[in-house]
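Q: Going down the list, the sequences are from chains C and S. Every letter in the first sequence is one number past the one before it in the working numbering, and letter 73, counting from 1, is 73. Every letter in the second sequence is one number past the one before it in the working numbering, and letter 270, counting from 1, is 270.
Check before you lean on any hint, since a few could be wrong.
Just a sample of chain S residues kept apart from chain C, beta carbon distances all over 10 Å, derived [claimed, not checked]: (1) V71; (2) A97; (3) Q364; (4) M442; (5) K443.
What follows is a set of in silico ranges between Cβ atoms, one per label pair, in the way DEER data are often shown [what the hints assert, rightly or not]: (6) S/E448 <-> C/P105: 53 to 59 Å; (7) C/R40 <-> S/R315: 31 to 37 Å; (8) C/D83 <-> S/R378: 43 to 49 Å.
Treat the hints as calculated values from the structure; they're not laboratory data. Built from N, CA and C at the ideal position, the CB exists for glycine as well.
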Amino acid sequence: MQQAQILTFGIEGPLAQRLREVAEARRCWLRETSQLSACRNLLQSSPMSAFVLLLRHDLDRELALLDEAHACLPGMPIVAVGDTDHPVLAGLAWELGATFVLFPPTPIETISDVMDRILSSEAP
Amino acid sequence: MALVELLWHVHLGTRNTMNDQPSLDSFRWQSFFQHSAQPVFLLNRRRRLLFANRAWEACTGLTLAEVRGRVCRRRSSVEDREEAVLGACAPPADALAGRACQVRRRLPGPSGWWEIQYQPLLSESGLLGILGVVRVLSAPGAAPPPLPDKLMALRDRSAARYRLDEPPEGSANARLFEQASLAAQTHSPIAIVGEPGVGKEWLARVIHGRGDGRQRFFARLDADRLPGPIVGDMILGHPNRAMNMGTIYLHDPAALSLEWQGRIAEFASLRNQPEAPRLIVGFRNDPGADVQAKRLLEDLYYAVSSLTISIPPLRERLAELPYLVDVFLDRARMLTGRTTKSISSEAMNVMRGYVWPNNLRELQDVILDACRRAKGERIELAELPFHLKNGPLPVERRLPLDRLLEQVERRLIALTLKLTDGNQTRTAELLEVWRPRLLRRMKALGLESSDSSS
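Use the sequences and the hints to build the structure in full.
A: Quick look at the structure:
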């Protein structure tokens, strides 16, 4: 059986640490990227169980990546993370196909529960 | 409250009776209200408009000079905008009786809904006037705060993928097209039923894109992929208002706990919530069977199933394959930037012979993949995946008559019971059967008996 893979883009700090813990607990392979091209290549080349991306540095490109990932791989759960309370951006991330949008004031601890649930669910 | 007290003293003509307040003689209360960003208006005890600030004027499109002295009274039908605005400002009986109260009123045009707080101003001899402070609620169909141009363009490009062009007449898609158009005109909850991959989310997005709330956002909530409190909070809580959600598509509600299902059922049955997002619910299995198995709360199913759209699996609509392939080729071109325009007849024949267990999702993946691999402008047989080219011949599709008839009977009885509010005598009359027979069939079909006639 193929090992489940989680792909992250731009995630660092405490959130990255949490995801590492989740991946370890669930024996998943965590692939952390910070370059758009590398992330896109991985998305195209191997099936991912979840994709977690940060919306912060270059919103146009990050949201375009979210949109593209959802359009090309509609069954793949996508978690969009932001670090500022921005309801409009959060609304747009939901619309572009995010399975879950983690923006303040939702605490980052929520990610563990959400990832657990995502990784234990079947494809819809 | 201090503001109201201040105004009360102003109206009574008293001098500075409040400690730490500037002299009221020099205080220009109208200018004080003019600086308020919230619309504020003042009525006398006979409900005549004495004052309205600039925020009120901006919100209503009327000037104070035009409407000063006019009576604010509710009317059953109003053609004129001025009358409609004044009607919306009319104080309720509680306010006229001197009690503070709050109401929600609908305004004509883009102002949408108002939440008005009425504060009666009382003197020793009774009601002096009523102060109304307005909070503008987000209007149904109102656009979210503007996004930068690039993000707006991205949103438009994404939305363009979820359109339903008028399909060939008589096809299943033509029926979906009609149902989606009808559903888009209402704000009622909608149930979409279909096997995994048939395009329930896609149809929900199509309905959102054709409806009044399309300027607001769309969110898909997977009940099986998200913790119940997160799903519940998104539907019932404040996040959807803050994010200006127009439509929430809830997928597979049977995965939620019965407690959350109950709360969502309550929300879905309250129809008079124009600022709340529209709820579209996708059922991957037969919802009737889920209700029977106690996985799905009957209340939730009935609350959302007044308008139900069933999407047939792809294997039952293979005649539409050329149309669907064209739709997905368009989408694949948009996503890949390739120029693939068509598919060879050999490749199409192979696709026609396949059973498509994963429905449209599988078809989209196949087209996208073939598009990436295509060397020219046409997808050839060689570019199709191995399992398609070498798969088994299409299985002979069976039509188990008894099972189909049972499904029809169950649905018919359930609908009639719903129509008669569970009255079995009336249901038996409408179905033109004896009541004992109805009861026997209900028992056999596993329909719960809760007769309201006895």
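Q: Does each hint fit the structure? Answer for all of them.
A: Hints, one by one, checked against the model:
Every CB of chain C is more than 10 Å from the CB of S/V71 (nearest about 40 Å), matching its label as outside the interface. No Cβ of chain C comes within 10 Å of the Cβ of S/A97; the nearest lies about 39 Å off, and the non-interface call holds. Against the 10 Å criterion, S/Q364 falls within the reach of chain C, whose nearest CB is about 7 Å from its own CB. The non-interface label for S/M442 is consistent with chain C: the shortest C-beta to C-beta separation is roughly 33 Å, beyond 10 Å.
Interface exclusion of S/K443 from chain C stands, the closest Cβ pair being 34 Å apart, more than 10 Å. Remark: the range hint 53 to 59 Å for S/E448 to C/P105 is contradicted by a beta-carbon distance near 42 Å. Separation of C/R40 from S/R315 is about 34 Å and conforms to the stated range, judged on CB atoms against 31 to 37 Å. Restraint check, C/D83 to S/R378: a C-beta distance of roughly 47 Å satisfies the suggested window 43 to 49 Å.
Hint compliance for this structure: hints 3 and 6 are not met, and every other hint is.
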